[in-house]
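Peer 1: Heads up: the sequence lines are chains A and B, in that order.
-12 is the number of the first residue of the first sequence in this note's numbering; add one for each residue after it.
66 is the number of the first residue of the second sequence in this note's numbering; add one for each residue after it.
One or more hints might be untrue.
Label-pair distances were calculated between CB atoms; the ranges are [said to hold, decoys possible]:
1) A:15 with B:120: 54 to 60 Å
2) A:-1 with B:357: 50 to 56 Å
3) A:48 with B:332: 43 to 49 Å
4) A:47 with B:357: 43 to 49 Å
5) A:76 with B:366: 45 to 51 Å
6) B:114 with A:47: 37 to 43 Å
7) B:440 with A:92: 32 to 38 Å
8) B:462 with A:84: 53 to 59 Å
9) A:48 with B:161: 29 to 35 Å
10) A:76 with B:176: 35 to 41 Å
If you are wondering where the hints come from, they were derived from the structure by calculation, not from laboratory data.
Heads up, the beta-carbon is just placed ideally off N, CA and C, and yes, glycines get one too.
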Amino acid sequence: MVAFAMPTILTREQVTAIAALAHLELDAAELDLFSRQLGSILDYANQVQQIDTTGVPPTASLVPRQTTDRPDTVGPSLDIADTLANAPDADRTRLEGGFFKVPRVIG
Amino acid sequence: MSDAATVRGARELFRSRARSATDLCRDAIARIESLDPALHAFNTVVSEQAMARAHAIDEEFDRWRDAPLAGVPVALKDNLCTRGIRTTASSRILEHYVPPYDATVVSRLAAAGAIVVGKTNCDEFAMGSSNETSAFGPARNPWALDRIPGGTSGGSAAAIAARLTPLALGSDTGGSIRQPAALCGVIGLKPTYGRVSRFGLIAHASSLDQIGPLTRTVHDAALALEVLAGADPADATSAATPVPPYTAALTGEVRGVRVGVPRSLLEQGVDGDVSRALTAALDTLQARGATLVDVELPYAKYAIPVYYLVSTAEASSNLARYDGVRYGFRANPEPRMPNPDLRQMYAQTRARGFGPEVKRRIMLGTYVLSAGYYDAYYLKAQQVRTLILRDYEHAFQGSGAVDAIAMPTSPTPAFRIGERMSDPLQMYLADVFTVSANLAGLPAISIPCGFTRDRLPVGLQLTGRPFDEATLLRIADAYERDAPWWKEAPPILSAQPAGRDPDSRDRRNPPDHE
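Looking at chain A on its own, in the form it has when it is part of the complex (with noise of 0.2 Å):
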């Protein structure tokens, strides 16, 4: 049993928090189309809010038996150069061997 009301379509509100959230900038056309979809999407979802589900314990993971262990010994990393190609801003000189640039953070 749920205490509250299920949306049937999200407001243009509520979608932009979402995407704040999400770390997506949507523009105007995006809004109007994800706040009708996602509440059609979610409409259709409701239907397991019908389901008796008291003392049934949630699936989150099906690893089977235990998960593993292993001895804590040195391996092979990933090649500096070959891994800092990729990145969109990079400084390959200091720090051994280079590191991720960002834009700035703090003022």
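Given the coordinates of chain A, assemble chain B onto it according to the supplied hints.
Peer 2: This is chain B only, laid out in the frame that chain A set:
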């Protein structure tokens, strides 16, 4: 005579020195060059690299002679990482990504002597049911070029159906190996969750994803699984369960085998021709000695909503890594913004790098995981996932237990390109019979079981017990012996002057067994 368009045939030709690895590789590349402009099965073809590798294998023939896949050209879905070969997941955001490492399955194929010829088209980040969400345009169905090949491993399925390579790998999160296999008339095997390492597979939904082979025959799928399966220290979810010799299970014997049929699930929404092909296939299995048993899977009808709640939640988390920092596309800040910050860079990179279906799923997954909705959607879906799992456990255990469950792989044959793109929900319903095997972690195979009146392939799906791929393969192989649909050639091959299969005589019945 050996058929170079099967794994078994190519291997025999190589071993007997009738054809060198170089010959086999050159032929595969020639077929791709001839047919792929119409099919668009490949995102990337690595002709020079493949020929160099084939040459190296020929140079050391004695070393490679007995390797299980020596000289076999293979196509890899473009979401499997290949060191030094562009791996895009059919997304703009990874359009120029060159992985610094190989996926475990790629290393295993290399150790077995296979030759990678290219990377196949798929839905963007393996999200879709038709290959139409690919940022590079859809692959096409070799049986009807105006139709979808299925998705998400559509390029791999089209490549096998058009005889471009004898072996392709795909990945299956909700049917992405089996559904395109069915719609293109080839074999597609989704192994048990944990049977094959996922290391190096670009993650979509980590509790559902599994890598598997697409081939023309059941024998070839069994042989490929022998190479691919096994524990991997790099994937903690891979299982230590021993890998049996799957090819040895192909005895043709199905007497005493019990095949469950969930008839009430199949009452609605299945195309008439698909339904008739399924019935005929079940009759064939019964004639060979299998027993058909009615089974009930009461919660299977909820598999689609559960799947789209669970998979989008996992995807929204997995795709958070595409932020324009370590790899992939980065949007340049808008000139009008005087002080672009990190968050704006993330949001604009993702807005321009991802296509509409990927955005839709990230949004849905973010929503169902968000505060206030988690319990109602994500937790609820995980609980119903348990009920779906219990349905299968009940069918596979105890008195009246069955060895496999039979369904159509897809409720309809291949639809036309563009037909369902405006309605995402309608597209999701294409997965109605495939998603529950992923939710329950079970192995499932799709095998060709005939054609519609429009000459479009139909697939039979068999779902089995965890880690019992051997039984599935045995049943599928027994069926294939009586119904060798794999010998039928799609019309795109009829235009080719050489190397094609003979045209079939009867459009509705399987060709004679050799």
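Peer 1: It remains to establish, for every hint, whether it holds in the given structure.
Peer 2: Hints, verified against the model:
Between residue 15 (chain A) and residue 120 (chain B) the Cβ separation comes to about 56 Å, which falls inside the hinted range of 54 to 60 Å. For residue -1 (chain A) and residue 357 (chain B), the Cβ-Cβ distance of about 53 Å falls inside the hinted range of 50 to 56 Å, so the restraint holds. Taking 43 to 49 Å as the suggested C-beta distance range, the pair residue 48 (chain A) and residue 332 (chain B) does not conform, at roughly 33 Å. For the pair residue 47 (chain A) and residue 357 (chain B), the supplied restraint of 43 to 49 Å is violated, since their beta-carbon distance comes to about 35 Å.
Judged by the Cβ atoms, the range 45 to 51 Å given for residue 76 (chain A) and residue 366 (chain B) holds: they are separated by roughly 49 Å. For the hinted restraint 37 to 43 Å between residue 114 (chain B) and residue 47 (chain A), the CB-CB distance of approximately 40 Å keeps it satisfied. The given range of 32 to 38 Å is respected by residue 440 (chain B) and residue 92 (chain A), whose C-beta atoms sit roughly 34 Å from each other. The beta-carbon spacing between residue 462 (chain B) and residue 84 (chain A), approximately 55 Å, falls within the hinted interval of 53 to 59 Å.
Distance hint check: the CB atoms of residue 48 (chain A) and residue 161 (chain B) are about 33 Å apart, consistent with the given range 29 to 35 Å. Against the hinted window of 35 to 41 Å, the Cβ-Cβ separation of residue 76 (chain A) and residue 176 (chain B) comes to about 37 Å, which satisfies the hint.
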